[in-house]
Amino acid sequence: MIPRVQYRRLLALGLAVVLAHAGLLGWLFYRQVVQHGRFAALARENMNFKRVHPARRGNILDRRGVVLATSVPVKTVCADPALLAPYRGLVARTLAPLLELPEEVLLARLEPRLMTRPAPGSNLVVTSRYAVLKHKVPLDRWQTITQAIGQLNFGVDEKRVRSSERERLKGIRARGIFARDDYQRQYPNGSLAAQVLGFVTSGESAKDEGPVFEDHGVMGLEEMFDDRLNGTHGWTTRFGHEPPKPGLDLVLTLDASIQYIVESELARAAEQCQPTGAVGVVLVPQTGELLALASWPAFDPARPGTNHAAFRNRAIMDQLEPGSTFKGVSLALALEHGVLSLEETVDCEHGYWREARLRDAHPYGVLNFLQVIAKSSNIGASKGVRRLGPERLYQGLRDFGFGAPTLIPLRGEMPGVLHPPRAWDGLTITRLPIGQSISATPLQMALAYAALANGGVRVPPRLVSHLADASGAVVAHYPVEPPRRVVREAVAAEMTRALKAVVSPDGTGKRARLDHYTVAGKTGTAQVSAGATGYKPGKYYSSFVGYLPADRPEVCILVGFLEPSLRTGYEGGVLAAPVFAAIAHRVAAYLRIEPDLRPDEPGPTPESPADTLLTRSLAWQRGGLRPLPPPRAKALP
Amino acid sequence: MRAASTLLAICVLALTAFGLVMQYSVSPPDQSWRFLSRQLLGAGLGMTLAGVLAFGVPYTWLERLAWVALALAVLLLVLVLLPLPFCHRANGAQRWFRFGGVQFQPSDLAKLALLLALARYAARARSAMYTFTRGVLIPGLIIGPVLVLIFLEPDWGTALMLGGVCAGVLLVAGVRWRYFLPPLVAGLALVTALVAYDPTRFDRIYSWLHVEETRQDTGHQVWQSWIALGAGGLTGVGLDRSTQKRLLPEYHTDFIFAIVGEEFGYLGVGVLILTYLTLFGCGWYIAWRAPDAFGTYLATGLTFLISLQAVFNMAVVSGALPNKGLSLPFVSYGGTNLMILLMAAGLLLRVARAAVERPREELAVLALDSTPETRMA
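So the protein lines, in turn, are chains A and B. Numbering follows our numbering, in which position 139 of the first sequence is assigned residue number 139; successive positions increment by one, without gaps. Numbering follows our numbering, in which position 36 of the second sequence is assigned residue number 36; successive positions increment by one, without gaps.
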């Protein structure tokens with residue numbers, strides 16, 4: 001017989017395939033219909049999967065785009081205690097040096113815990129699969145950890161162990177330790193502007209998306225703009241994915257370089273005179289833009305510590321009797337109402353004015369009011385300003401902004417104390433002109449002098465320029481109330497002439513003199529009030545406030561030292577004036593302000609007269625940013 | 001025979017159409033055309049080629065084409081293993097050519113070529129198939145290189161399945177059991193040894209036996225597939241309502257059967273399996289009633305190729321067999337694969353038409369010998 005097509009075999013193979021189909025139908029019936037309940041529940045559980053993607057907190061930038069505060073990605077290192085259970089000793093030993101935690105702490109965190117299943121309506125008890133080992137682990141450290149876990153040596157020959165055990169070891173290496181995304185706040189410039197920026201704390205907060213570990217500001221701008229700096233968290237579920245929206249960037253009017261100049265000069269002087277505190281303010285008189293807002297002692301916002309004195313933003317929180325610097329303001333008001341002129345003379349009673357029980361530091365005879373300011377005679381100033389009467393004096397001081405907060409966006413600003421005339425006693429009208437019976441913050445004083453520098457128009461202060469999104473586009477501006485005229489332009493010019501005399505060789509502020517710039521300013525040495533009981537003995541507030549160049553001012557600077565030691569010299573003219581000069585010298589050089597004095601050996605001349613602070617302050621914004629609103633002071637009648 | 005051909009065509013077209021629907025269903029919501037467009041292109045080209053094969057090529061040409069096709073297939077299989085710029089590597093395997101955006105798997109073509117060549121050889125040598133040299137050695141030399149080349153890619157699933165199909169064809173061609181079994185046993189032993197000494201494959205076997213235990217690692221895919229199938233229940237969750245497709249790796253290619261199970265339930269799966277069974281029945285009938293031995297062998301090979309692939313894929317997806325890379329014929333995503341399968345269907349139709357066109361050769365001899373029905377007895 002010739003073998004041909006083996007039809008019998010064909011039939012048998014066909015039957016085998018039919019049987020395979022039948023078997024498949026039966027097997028699928030078991031999988032799909034018999035097991036339906038169990039796997040449908042598992043499928044629903046798959047759907048409950050939810051993951052939160054934390055949003056990055058926005059940066060805080062200075063006016064030129066220098067980063068003052070930023071958030072960098074870090075990891076939260078977590079573990080699966082149920083999976084690690086038999087090897088948690090080994091894992092703790094491996095991770096302890098990498099996480100810089102004691103081994104016992106890690107062991108405790110790796111302890112498997114029993115918990116009820118989080119699914120609603122279920123009381124099933126399961127072992128926890130999620131334990132946080134450490135927050136805020138840097139990315140490079142996390143990389144080292146993954147490598148260490150991936151190469152974990154369990155001390156057994158893995159070729160020889162049972163398959164189930166090998167699966168577990170593989171699982172530990174792959175999923176035993178895992179990480180969640182997080183961000184850490186960093187302050188690249190250390191303690192620079194710390195009291196203005198504030199700091200953040202991290203903690204778990206319950207959001208709609210679920211519990212999130214996030215940063216919240218607790219002080220300064222970080223607190224005031226917390227909700228704008230914090231973005232919107234994203235999430236992933238089975239229904240979709242919503243990427244996180246990063247927070248907005250906060251752009252300040254501060255200039256990091258000027259802030260650094262002020263802080264370094266304050267710190268240098270503070271080392272000499274050991275004050276309780278020191279304060280420095282630099283601002284542009286025409287726009288009110290704060291270029292520096294410095295307080296000493298400082299702290300590192302990355303590690304705030306517990307030194308609450310260092311947290312104090314003294315420019316807005318310390319309300320002090322300003323002392324002689326106040327004479328500039330009170331005499332300007334007297335000039336405004338024409339009750340005196342600078343050339344008019346007054347008897348300074350040779351050091352003691354019995355009627356007002358007022359004393360001068362140095363006894364003077366008859367002086368004109370220019371000299372009263374230059375030599376800082378309490379008696380002369382008091383006699384002159386008294387002619388205004390309580391109502392006009394009070395109203396004028398209110399116009400200058402005393403007794404009311406300046407409303408810069410920082411928490412804890414003090415309004416200062418300026419009582420209404422009905423609360424005055426007989427001596428108040430003689431005390432107010434020389435800066436007693438009134439308290440003001442350093443910022444209020446700096447703004448009052450800025451108004452004199454600005455031709456008599458007071459401009460509200462600006463600290464925050466705008467909010468920008470990640471691409472740099474402006475999202476929101478922070479407008480301030482409109483400027484208002486407090487004295488006539490001619491009065492401001494007269495006061496500038498008087499304040500220039502303070503810095504002349506005969507004045508109290510001669511140490512504030514600069515080689516290349518005329519300076520208009522005033523010294524102040526005030527006793528520190530002890531409340532109702534009078535003054536603290538031997539405690540002074542020594543300050544200098546002024547602006548330059550005197551006849552077309554570009555910056556207004558205030559320097560103050562609270563309770564300096566007495567042996568190094570505590571008077572404003574001795575302590576504060578040289579610091580003012582040092583700051584002004586460096587700031588003028590940094591801003592390349594055109595000199596208006598020609599010293600014996602000519603210094604370097606700037607490139608062009610248009611290259612002044614004001615034009616640059618508008619052009620200095622980062623590329624693509626809208627310039628700050630132009631100064632409106634000149635437009636007023 | 002006309003009824004079988006018509007039913008076969010209907011089954012193939014129905015499965016292809018269902019595949020398009022599934023590709024639409026598993027496409028991401030915002031890009032419905034992502035998978036569908038290429039699948040449509042593959043279906044159109046494949047049906048054109050199948051039409052040419054079924055109605056445009058003379059039956060005798062098929063035999064002449066066989067050796068050319070095999071030579072071309074072997075050449076391509078060698079080429080794909082070389083580190084050439086258009087050879088594409090993915091998941092640790094080098095199986096694809098890539099020209100522009102189009103991928104092509106030469107092992108797909110090799111399947112058809114090998115079955116054509118084997119059928120032609122067995123038909124020519126049918127009077128000597130009972131000898132060792134003609135029945136085992138020479139067919140082994142034809143099949144061996146192709147299977148080894150596919151093994152080297154590596155593509156174990158395709159190689160094992162193709163080996164099984166070839167074994168079936170040889171059995172039908174009349175190889176003696178005494179020559180057939182030893183190489184088969186030796187081959188299986190070799191495969192077992194390879195698996196035992198390859199830890200990743202061994203782990204696959206382990207996870208097949210312990211799916212739930214290994215659901216986080218090796219068994220993840222099958223576990224998710226079980227969840228999808230189980231969530232479907234009897235009637236399914238409905239078209240485009242699958243919730244597990246984002247969790248299931250390869251949900252649009254090898255594991256699309258799990259999504260079918262979830263969306264259409266056991267009833268839908270049952271209809272799908274019965275469709276594959278009907279297709280198998282038609283192919284088997286064409287093989288049974290083919291005009292000559294070449295037609296029988298070719299139809300047997302092609303029918304088993306399609307049906308075994310379908311059965312293996314469904315078994316893998318439902319966890320009845322260890323995980324191997326096999327797609328579900330006509331339904332899984334893959335334009336060139338669909339094209340080759342449609343061409344296989346075209347070849348089957350060509351054999352069926354030949355049976356109608358001319359009487360079975362040696363009919364007289366056969367009639368004297370016995371009718372097929374009596375040969376059974």
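To be clear, the hints were calculated from the coordinates, so they are not data collected in a lab. Values in this document were obtained by computation on a predicted structure and should not be read as measured data. Mixed in with the good hints there might be a few duds.
[Said to hold, decoys possible] Chain B residues, not near chain A, derived (Cβ > 12 Å throughout):
| hint | residue |
| --- | --- |
| 1 | Met47 |
| 2 | Glu153 |
| 3 | Ala193 |
| 4 | Ser242 |
| 5 | Trp284 |
| 6 | Val317 |
| 7 | Ala320 |
[Stated by the list, open to error] Chain A regions said to be covered by chain B (calculated; three or more residues, Cβ under 8 Å):
| hint | segment |
| --- | --- |
| 8 | 25 to 38 |
| 9 | 165 to 179 |
Virtual Cβ for every residue (Gly too), placed ideally from N, Cα, C.
Going down the list of hints, with the structure as the test:
With a least beta-carbon separation of about 25 Å from chain A, B:Met47 lies farther than 12 Å from that chain, consistent with its non-interface assignment. Once the 12 Å rule is applied to beta carbons, B:Glu153 is consistent with being away from chain A; the minimum gap is 26 Å. Non-interface call for B:Ala193 relative to chain A: holds, since the shortest CB-CB distance, roughly 16 Å, exceeds 12 Å. For B:Ser242, the requirement that its beta carbon stay farther than 12 Å from each beta carbon of chain A is not met, with the minimum near 10 Å.
Not every CB of chain A lies more than 12 Å from the CB of B:Trp284, the least distance being 5 Å, so the non-interface label is violated. A cut-off of 12 Å between C-beta atoms contradicts the statement that B:Val317 is not in contact with chain A; the least separation is 10 Å. A beta-carbon of chain A comes within 12 Å of the beta-carbon of B:Ala320; the shortest separation is about 5 Å. Check result for the segment 25 to 38 of chain A against chain B: holds, 10 residues qualifying (beta carbon to beta carbon below 8 Å, three or more required).
Here the segment 165 to 179 of chain A counts 6 residues with a CB under 8 Å from a CB of chain B, which clears the bar of 3, and the coverage holds.
Checked against the numbered hints given earlier, this structure breaks hints 4, 5, 6, 7; the rest are met.
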